[in-house]
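K.L.:
The primary structure of each chain is shown beneath.
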Amino acid sequence: MAPETHDGAAEGGTETRWVELVVALLICAGGVLVMFDSARVGATWGSDGPQAGYFPMLTGTCLLAAGVWIAVATLYRWRKLAGVTFVTGEQMKPVMAMLLPTIAYIVAIRFIGIYLASAIFIGAFMVWKGRYRMPATLSVSLGVPAAMFLLFEIWFLVPLPKGPLERMLGY
Amino acid sequence: MEDIGNLMQGFAVALSWKNLLFMLVGILLGVLIGVLPGLGGANGVAILLPLTFTMPPTSAIIMLSCIYWGALFGGAITSILFNIPGEPWSVATTFDGYPMAQQGRAGEAMTAAFTSSFVGAFVAVLVITFLAPLVARFALKFGPPEYFSVQFLTFCSFIGMSREPPAKTIAAMMLGFALAAVGLDTVTGQLRMTFGHTELLQGFDFLIAVIGLFGLGEILLTMEEGLAFKGTKGKIDAKIVWETWKKLPRYWATSLRSCLIGCWMGITPGGATPASFMSYGMARRMSKQKDTFGKGNIEGVVAPETAAHAAGTSALLPMLTLGIPGSPTAAVLLGGLLIWGLQPGPLLFVEKKEFVWGLIASMYLGNIAGLIIVLTTVPWWAAILRIPFSIIAPVIVVICAVGAYTVHNNMFDVYMMVVFGIAGYFFKKLRYPLAPLVLALVLGDMAETSFRQSMLLSGGSVAIFWSNGLVGTIMTLAVVLLLWPLVSLVIDAMKRRGGGGGPGTAPSTA
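Chains as they are written, first to last, in the numbering used here: chain A, 6 to 176; chain B, -3 to 506.
Simulated from the structure, these hints should not be mistaken for laboratory data. Where hints are given, some of them may not hold.
What the hints assert, rightly or not - Calculated cross-link-like contacts (lysine-lysine; reagent style DSBU-like; alpha-carbon spacing at most 35 Å):
(1) B:284 x B:349
(2) A:85 x B:235
(3) A:85 x B:291
(4) B:286 x B:491
(5) B:137 x B:349
(6) B:284 x A:85
(7) B:286 x A:167
(8) B:14 x B:235
(9) B:424 x B:348
(10) B:491 x A:134
(11) B:349 x B:14
(12) B:424 x A:98
(13) A:167 x B:243
(14) A:85 x B:491
(15) B:284 x B:235
(16) B:348 x B:14
(17) B:137 x B:286
(18) B:243 x B:286
(19) B:137 x B:291
(20) A:134 x A:167
(21) A:98 x A:134
(22) B:235 x B:291
Just so we're clear, the structure is a prediction, and the values are computed from it rather than from any experiment.
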């Protein structure tokens, strides 16, 4: 629940009104996309009832309309919204510090399997952000994937993505 | 009364050792989920849903609904001790709960919260016990136009009652519908909006959306505020519990009012979150000590908690009888029912009596057990939150990734979860409500089917929705709710103009 600040560009942040506008335009684009595809599939009354695109066409139209409304409303209050910050540089840093490693982690799953990737992910966080020493770090970062392994592979019999390490161990 | 007989049989089902164990596990998991930020009620149930595929449906839904109760209870703990609402519906609890904790009355606040929750949930379960079979029988009269009208009413009530701007609610909802439509159209066999990508054949699973939007999105949002759980000590012992219990009956009126608000908001889909805010607002407005609200008035804890639990529990009524979930978590549970091949509606009550009444019986037991468990384990939960965020955050992300993967054993879903997470971050900051999105994603296909069937029946005319008294009433109510924001704007404008008056008129009082 971050409070809206009116410090604006001075803090090096992004202004809310721009983000609002971009998101509204993206929504409009989404609406157009849906309408486009619905038209392709057929959005009118076919020989035996409504065609596949009938309902989505309505959806897409409403989506476009809503997007236009929001965009117009944002432009209407453009000057009033000047200086309202969406997110400051300071706030962005921890968010990125969470997001980018997460993306790296997810990509890594495909290559080295989820257990190893999780171990590295948790371990990295504990060392860099939490500044834990090796013993504590290792016990958690290895412990959690180990628990996961027992829970999923062995107890629930739900296979999770594995990588070369597990293949070497015979799983 | 055959229903009492059914309920007794339900208790027999619920009281098996296996199901009691699942109940216990469910409640503990639920409280844990409610306490940890980033793992919410809807999210947690979504993650654990695939794990229940190997369990018999009755046990599975007992465990899942106990997770739900646990989460309802757990959200209050962090709200009171740390001023961090563990769930959206616990936000209102922070208003007076945290000040109480700061004044050293944490134990009192928590006892009040848990007991109020229990009362709210209990009343709601009573309502369900007696109303559900009635509604189910009533629902037998429902044809496609009636089903669509109820679904339409659901969506309109979101738009009309939402605290967010209607345009954004509509946008979120339409986005949910659009996402629901992606993939194979079962009626015509055509591919919609896949744009040549075979991975999109199955469409977007609502579970992935929920985990991404509510889970990852919430974590990203929490990161913004930098993470430090500076909590107050949570001591709770039998003496404090007893003292508080002696005080609570004084607030019976607030409690009753909140139960009514909660049941209403749960049944007419609104959900626990709006119920808690509305109840807090009403309690403050009707109190003779308005100014003490926000500074540690115990009534400010009783009101939202009772309403939130009543709403959360009664949200299961429309879900079971009509297939209309009254809250995002009920939506996930509904998805679960569909996955297990159980069709909610009147037939469920006839063909799967054991399932339904076992579930309802477990609601009673689950809430009693939940109250006892949560009163006794508060110090543990407080301790968990002292685990630094550098450990908890990555672990939650790992859990979300696993949850997303186990739905369809598909890495693509995990990628989509990240996309939903980023979208969730933006949506929450820009005040695009997420509940309509999830609801539309879950109900989209069903709503579309009812709409198409209605259109087929009527040959393309929209008049079918006003063809008889029942469907006409519902549709009209829906349209009224839809236009409500406009109506209230007009009323406000007229009030302002009327209050301007001429010279010598007294200023109007709000």
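K.L.:
Hints first: check each against the structure and report whether it holds.
P.N.:
Okay, the hints, checked on the actual structure:
Pair hint residue 284 (chain B) plus residue 349 (chain B) does not hold up; C-alpha atoms about 48 Å apart against a cutoff of 35 Å. Between residue 85 (chain A) and residue 235 (chain B) the alpha-carbon distance is near 55 Å, which puts this suggested pair outside the 35 Å criterion. Of the pairs offered as hints, the one joining residue 85 (chain A) and residue 291 (chain B) holds, with about 33 Å between alpha carbons and a cut-off of 35 Å not exceeded. Of the supplied pair hints, the one linking residue 286 (chain B) and residue 491 (chain B) holds, its CA atoms being roughly 25 Å apart against a limit of 35 Å.
A hinted pair counts as satisfied when its Cα atoms are at most 35 Å apart, and residue 137 (chain B) with residue 349 (chain B) qualifies at roughly 20 Å. Proximity of residue 284 (chain B) to residue 85 (chain A) is assessed by CA-CA distance (about 38 Å); at most 35 Å being required, the pair is judged violated. Under the criterion of a C-alpha separation no larger than 35 Å, the hint pairing residue 286 (chain B) with residue 167 (chain A) is inconsistent with the structure, at around 59 Å. A C-alpha spacing of about 34 Å is found between residue 14 (chain B) and residue 235 (chain B), which places the hinted pair at or below 35 Å, so the restraint holds.
A threshold of 35 Å between alpha carbons decides the hint, and for residue 424 (chain B) with residue 348 (chain B) the separation of about 39 Å lies outside it, so the pair is violated. For a cut-off of 35 Å, the pair hint linking residue 491 (chain B) to residue 134 (chain A) is broken: about 55 Å separates their Cα positions. The straight-line distance between the Cα atoms of residue 349 (chain B) and residue 14 (chain B) is roughly 19 Å, inside the 35 Å bound, and the hint therefore holds. As the CA atoms of residue 424 (chain B) and residue 98 (chain A) are separated by approximately 18 Å, the hinted pair is consistent with the 35 Å bound.
Taking the CA atoms of residue 167 (chain A) and residue 243 (chain B), the gap is near 56 Å; set against the 35 Å cutoff, the hint is violated. Of the pairs offered as hints, the one joining residue 85 (chain A) and residue 491 (chain B) holds, with about 25 Å between alpha carbons and a cut-off of 35 Å not exceeded. Of the supplied pair hints, the one linking residue 284 (chain B) and residue 235 (chain B) holds, its CA atoms being roughly 29 Å apart against a limit of 35 Å. Between residue 348 (chain B) and residue 14 (chain B), the direct Cα distance comes to roughly 20 Å. Compliance with the 35 Å bound is thereby established for this hinted pair.
Of the pairs offered as hints, the one joining residue 137 (chain B) and residue 286 (chain B) is violated, with about 47 Å between alpha carbons and a cut-off of 35 Å exceeded. At most 35 Å may separate the alpha-carbon atoms for a hinted pair to count; residue 243 (chain B) and residue 286 (chain B) meet this at roughly 19 Å. With a C-alpha separation of about 51 Å, the suggested pairing of residue 137 (chain B) with residue 291 (chain B) is violated against the 35 Å cut-off. For the given pair, residue 134 (chain A) sits about 27 Å from residue 167 (chain A) by alpha-carbon distance, which is consistent with the 35 Å threshold.
Pair hint residue 98 (chain A) plus residue 134 (chain A) holds up; C-alpha atoms about 13 Å apart against a cutoff of 35 Å. Among the hinted pairs, residue 235 (chain B) with residue 291 (chain B) is consistent with the structure: their alpha-carbon atoms are about 24 Å apart, no more than 35 Å.
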